[in-house]
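Could you put the whole structure together from the sequences, leaning on the hints where they help?
Residue numbers (the numbering used here), protein chains in the order written: chain A, 1 to 199; chain B, 200 to 398; chain C, 399 to 597.
No lab work stands behind these hints: they were computed from the structure. Here the structure is a predicted model, which means the values were calculated and not measured. Think of the CB as a built atom: it goes at the ideal place given N, C-alpha and C, for glycine as much as any other residue. Any given hint could be a false lead.
A short, non-exhaustive set of chain C residues, derived as facing chain B with CB atoms under 10 Å [stated by the list, open to error]:
id, residue
1, T520
2, L552
3, L570
Calculated lysine-lysine pairs in the BS3-like style (CA-CA distance at most 27 Å, straight line) [to be verified]:
id, chain 1, residue 1, chain 2, residue 2
4, A, K70, C, K468
5, B, K269, A, K70
6, C, K468, B, K269
7, B, K296, A, K35
8, A, K35, C, K468
9, B, K234, B, K296
10, B, K234, C, K468
11, B, K234, C, K495
12, C, K433, C, K495
13, B, K234, A, K35
14, A, K97, A, K35
15, C, K433, A, K97
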Amino acid sequence: MPNVSANKESGVLTLLDYAGVVVFAAAGALAASRKQLDIIGFLFFSAVTGVGGGTLRDLILGRLPVFWVKEPIYILVCVATGILVFFTAHFVEWRYKLLLWLDAIGLAAYSVMGALIGLETTGSPIIAIVTGMLTATCGGVLRDILADEPSVLLRPEIYITAALAGASAFVLCHAQGVPLYLSAAVGFAAAFALRGGAL
Amino acid sequence: MPNVSANKESGVLTLLDYAGVVVFAAAGALAASRKQLDIIGFLFFSAVTGVGGGTLRDLILGRLPVFWVKEPIYILVCVATGILVFFTAHFVEWRYKLLLWLDAIGLAAYSVMGALIGLETTGSPIIAIVTGMLTATCGGVLRDILADEPSVLLRPEIYITAALAGASAFVLCHAQGVPLYLSAAVGFAAAFALRGGAL
Amino acid sequence: MPNVSANKESGVLTLLDYAGVVVFAAAGALAASRKQLDIIGFLFFSAVTGVGGGTLRDLILGRLPVFWVKEPIYILVCVATGILVFFTAHFVEWRYKLLLWLDAIGLAAYSVMGALIGLETTGSPIIAIVTGMLTATCGGVLRDILADEPSVLLRPEIYITAALAGASAFVLCHAQGVPLYLSAAVGFAAAFALRGGAL
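Now the structure itself:
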């Protein structure tokens, strides 16, 4: 029953992919909320944070046009997330912790998705680990630079290390013949445990 | 007489394109002036601000090499603008308003040009609006980041919204069958009125 | 004996290329040291600073995937450099001058390599000078932005000018028929003398 397996794998990966976009978009919108921007500012920060890491990944790998140009649904997901956060921000805003936890989920999801796409495109485990790290960290870094906040890279917290752990765990499991969706789950868990534990 | 129409359209669009480069280059040079950089610093900020937005647009759409590599005249236009501003900066510098008005013209011109090129490349109105916004705002954002100034994104002014309005108005008119140069004029006017009104 | 010449040229250029990566990676690691980051932070800053300029160059020229995806050895060189600096930083850290001198060597090496690759890809001397400047300056600019330090662009020092001088000297010599390795040496010397003299 290979189809079942394929569907399960595909389902896990699609879930990871959209989870990454949605939680990063929400974290971006919360940053816009902290800066008291208008709704268009919310949508801009949602989109930049939501698709920023994957955009850099696609540029570096030469997968052009970038993924959200091929599938504009990603932009619509960011816009919908931004609108949702805009109208609930009075409820959410004081929970800065929420931004950090959403960011942790996005970091874990993207460290795996970035590594997977790097591996599919180049076949090189080294490049896969690098693209995993880049995809996972760049959305948050871009958000911090645009919001004129101290970069998350410089805080005394486990951030890049968590992305490295997630990407490396995924690549190692995959190289050992572990099924794709299980490798993805191990990578996600490794990154999330490290990052979440540091919050 | 389709040639007449084609010439008129082409003329309007070429005008918009060079207007965007020149005014953004001048705004970049004025930022260099405020930072008291030397002439090479002026040229660097002219070029980054003048072609930065269009460069990101081309990267994302996969139109490589980017436009100014194909047509180096754009770089020469930025250099000429930077030199002109360098030698007149003592006259212009105290007029910070001038930088903002130049930026408003560039924003309006690029919101239309970015949307047009996004539409031509992908056929998707959503992507056209996004590339219009990106092209219009990224030159100024890059300039602010490199000049270590608070990003224009965070000021309580209509900035991204004006870019969104210009790109959307252009895409909507174009979808309704309005002639290209008229759609471009409507988009330009929408963005410029909103941004100019906020100054 | 064209092979001898080819080997000599190739040797000089390979040397310049790796020299640029190693010294920029070391300068990036020293920046991480000043920010008291952990070892993964060192490696991240090593890699971003070491390959950042060349990455932007490849993106703009459409040479995709970028060079270090094709040859992951560049990433390993950055990682090795970052580890070396991490374990010797207690010895090196108080020598901020060292960072500046390493940066000057990298600037000189990359102004030539960036111009050479721009020339090979496009045939345009103007574009070659621009890609030389971009390649030479962007690693350091990225490092400063990510480390939340005032950009080297804004310091009252000869920086962009040195990159311009190196790229221009190389392109001019090459256009006059000067052998490649000699043109490269002249360009390197021009950039290094200007930048080093300003320290």
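Comparing the hints with the structure gives:
1. At a threshold of 10 Å, the smallest CB-CB gap from T520 (chain C) to chain B is about 6 Å, leaving the interface hint in force.
2. The restraint placing L552 (chain C) at the interface with chain B holds, with a minimum CB-CB distance near 6 Å, inside the 10 Å limit.
3. For L570 (chain C), the suggested interface contact is broken, since its CB lies about 17 Å from the closest CB of chain B, more than 10 Å.
4. Only pairs whose Cα atoms come within 27 Å are accepted, and K70 (chain A) paired with K468 (chain C) is accepted, the gap being roughly 24 Å.
5. Under the criterion of a C-alpha separation no larger than 27 Å, the hint pairing K269 (chain B) with K70 (chain A) is consistent with the structure, at around 24 Å.
6. The suggested pairing of K468 (chain C) with K269 (chain B) holds, with an alpha-carbon distance near 24 Å, which does not exceed 27 Å.
7. Between the alpha carbons of K296 (chain B) and K35 (chain A) the distance comes to roughly 24 Å, so the proposed pair stays at or under 27 Å and holds.
8. For a cut-off of 27 Å, the pair hint linking K35 (chain A) to K468 (chain C) is broken: about 41 Å separates their Cα positions.
9. For the suggested pair K234 (chain B) and K296 (chain B), the alpha carbons sit about 16 Å apart, so the restraint of at most 27 Å is met.
10. Taking the CA atoms of K234 (chain B) and K468 (chain C), the gap is near 39 Å; set against the 27 Å cutoff, the hint is violated.
11. The hinted pair formed by K234 (chain B) and K495 (chain C) meets the criterion: a straight-line CA distance of about 24 Å does not exceed 27 Å.
12. Using a Cα cut-off of 27 Å, the hinted pair K433 (chain C) and K495 (chain C) holds, with the two alpha carbons roughly 16 Å apart.
13. For the hint pairing K234 (chain B) with K35 (chain A), the CA-to-CA distance comes to about 26 Å; that is within 27 Å, so the pair holds.
14. Of the supplied pair hints, the one linking K97 (chain A) and K35 (chain A) holds, its CA atoms being roughly 16 Å apart against a limit of 27 Å.
15. Between K433 (chain C) and K97 (chain A) the alpha-carbon distance is near 24 Å, which keeps this suggested pair within the 27 Å criterion.
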